[in-house]
Amino acid sequence: MRILYFAWVRERTGTAEETVTPPATVTTATALADWLSARSDGHAAAFADRKRLRLAINQDQADFSDPVAANDEIAFFPPMTGG
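Residue numbers -15 to 67, in our numbering, belong to the letters of the sequence shown in order.
By construction, these hints were calculated from the structure, which means they are not laboratory data.
Fair warning: there could be bad hints in the mix.
Stated by the list, open to error - Restraint-style ranges between C-beta atoms, simulated for each label pair:
no.	residue 1	residue 2	range
1	A8	P63	29 to 35 Å
2	E1	F48	26 to 32 Å
3	M64	A8	16 to 22 Å
4	N55	D33	25 to 31 Å
5	P63	T5	25 to 31 Å
6	A29	N55	23 to 29 Å
7	A32	P6	27 to 33 Å
8	P62	S24	16 to 22 Å
9	D50	T5	16 to 22 Å
10	K35	E2	20 to 26 Å
11	T5	M64	25 to 31 Å
Glycine included, C-beta positions come from ideal geometry on N, C-alpha and C.
Can you build the whole structure from these sequences, using the hints too?
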């Protein structure tokens, strides 16, 4: 699973991307965020307030309740404004 981080999420995790192999019990974006939170203090800080996060699964806007799979690309980013 390829994980991408953007803006302040990248700053808190300390990386722009990583490839991970979560356990088989990680089947939703919520479970993935919970699992990623345990990787480091920075990850925990990035995922502490999920209301401030948006995500995309395979480049499609998604919700934390959506399913994730081993070969997915998951991107986490803050809400964006147009202009």
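Report task. Provide an ascending list of the numbers of those earlier hints which the structure does not satisfy. Result -> 2, 3, 7
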